[in-house]
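Based on the hints, put chain B in the right spot on chain A.
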Amino acid sequence: MFDSRISRRNFLQQTGIWAAAAAAGTFPSFARAAREKELNIYCWEGYNSDDVLDPFRREFAATVRAEGLTSDPDAVNRLRAGETKVWDLINVNNPWAREMMYPEGLIKPISRERFEPYFAKMMPQFSPPYRWAMDKGGKDLLGMVQRFGPFSFVVNTDKISRATAEDQGFKLFLDPAMKGKYGILTYDNWNIYHMSVAADVHPFKKHTKEEIAKFGKTARQIFNGAKNLTDDLVQMNLALINGEIDAYFTGGTYTASPARLDGATKVRGITPKTGPMDGKGGIVWIELTSVVNNPDPSPLAEEFLAYVQRPDVSKKVAFAEGTYNPVTQMGNADVLNQFSAEELDAIQWDTLEEEMANSVDYDINPDYSEMYDLYSAAKREREG
Amino acid sequence: MNWIRQPGVVAALPAAIFLFVGFAGPLLMVFGYSFMPEKTFTLKQLPTVENYVSVVTDSYYISFTWSVFLAALTVLLLFPICYPIAYGMAKLFGKWAKLVTALIAIPLLISENIRLFGWVLILLKNGIFDGTMQSLFDVSVSGLLYTVPAIVLGLVYVYLPFMLFPLVIGISMIPDVVKEAAADLGANRWQVFREVELPLAMPGIMIGCILSFILVLGSLAESKILGGQAIVMIADDIESAFTFAQNWPKGSVLSVLLIALSGFIVFTLFRRIDLDQVIGRR
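So the protein lines, in turn, are chains A and B.
Per this note's numbering: the first sequence = residues 1 to 384.
Per this note's numbering: the second sequence = residues 1001 to 1282.
Hints are not guaranteed to be accurate.
Straight-line alpha carbon distances no greater than 27 Å define the calculated DSSO-like cross-link-like pairs of lysine-lysine that follow [stated by the list, open to error]: (1) A:LYS108 - B:LYS1044; (2) B:LYS1125 - A:LYS179; (3) B:LYS1125 - A:LYS206; (4) A:LYS266 - A:LYS171; (5) B:LYS1039 - A:LYS209; (6) A:LYS205 - B:LYS1039; (7) B:LYS1039 - A:LYS214; (8) A:LYS181 - B:LYS1125; (9) A:LYS85 - B:LYS1039; (10) A:LYS217 - B:LYS1039; (11) B:LYS1095 - A:LYS266; (12) B:LYS1098 - A:LYS108; (13) A:LYS85 - B:LYS1044; (14) A:LYS159 - B:LYS1098; (15) A:LYS121 - A:LYS136; (16) A:LYS217 - A:LYS179; (17) A:LYS159 - A:LYS266; (18) A:LYS136 - B:LYS1039.
Everything labelled a hint here was simulated from the structure, so no lab data went into it.
One chain only, chain A, in its complex shape:
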């Protein structure tokens, strides 16, 4: 017979049994119920701002946890290290989903039927099927695109005019007159691509030994001529505004926009007019937000992907804290009309189309590891 009297001893026993049963997962319905209102997002800063998340939390009565990431490879490492159990959405730059995360089983496809119509409303460059959102076979949709931006280098236009910078491209940093007058923003992967471009080598193709050697020589020259190195864009903008440097290597709308919105419009992202990438000299990144292959998935993951497509939320994502960036949804007038003239100027909207036309998409470099060794040696052995 069940003894309804609770003594201290049987209270502890009962508690122990219930706790053990819950831990062993004998109540799957409880566990599922717990995740139905929970969403964990691992993203570049912006998606984790309360401006973006709070309305979602209220509408879906959800507990949303979001953590900002500081580098794509770092984020992918964390999924590889077992954090697929933690996150529901991951937001990284375009090549990672299709080239690494999907083949490694870290993310899973989303419904084409539900999400492809959103691509049709984006700027024309992103119309479906959009290459970076699809798997290599072109069958599965791997995520949604939103923020993007040209990314090459940044100058102080009071010191170097936009026209000169665009004409010279990355050769600007090889000019002996620029020695000690520029910084390097150490986003290492981007530096490698841009140093390739400076060496007249296409970064996203298989390279010959001569090309790799040429890259190594250029990397050394650029490092040896740099005044300072930092991985902090605020510090780099400050150095540019204060006149410590005239330009910085690796940067674009993403890094220049916070300074520009603060009124320092002389800080300008530059896209070279020409270069070795099928005649183009600039590179553009596109963020892709994908659903993580979580063994205990949250149904809110896809809801969030749909939520950030709304015009008001798209604007919030573009101008969330930290950095400001164009969004693919600006192809829709309802979204575009929400931006003020200052905001459009901060993200260099006036030249965006031209800069996109002069850029290729960020991609995987097949010789990255070999180039990375040369790059890191050049950085260590820098003569300054």
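Relative to the frame of chain A, chain B by itself:
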């Protein structure tokens, strides 16, 4: 098997398990990864020493040398700065010692990066220091930031408490009567300092030096924020290997070598200190 039933062993078990899982476990994983082939993300490959060979033949010695040099230099600068303050706190300041302790300890509650950014604003061209010098003396002192001296300044500033507080403990262990006896026996001030104070404070000095040396050896923020990576320290190389290079095995080799270097230094020096004496259990 009676030892298992000893209360001491039973009581130590939770801490031992926690230490193994949380401390020894990750270290063993890093050690294991250091023998995996390049660019692998599992421990299931055939072990190889190729990473050790490539690290030794590459120019990583530069980063190691910078880290060891800056660690040694920081300790050499911190000791003479901290010793008089510690002496005052232990012997002279009386009730004011608590205030001094609080003033030095309070900045520890603020993130290291934020404190270093404070220095960036001071040292920046047209920043607080440069601007003040320009307006008062019409002299420009730009170019302080992004240099090795700026890194050293940051290291001395950040790691000062880690040298100071062990020194306070060390100096407070010196009984005043011993110094008086030495003086009565004809020792001059220098002799009292060298032959009585220093040896008696040595355990605190050693701990302060080891602590600050090891912390600087693994430091990263000062060279990044104040140094503008004027030099690359070994912790920076380790971070890059794990992230941008996507080469966990190489990062693991660098970590293992750094741990071995730190361990060698600590064990060599700790053999010279009686820890029981420091914590007052003689």
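If you test the structure against every hint from before, which numbers come out violated? Hints 3, 11, 12 and 14 not satisfied by this model.
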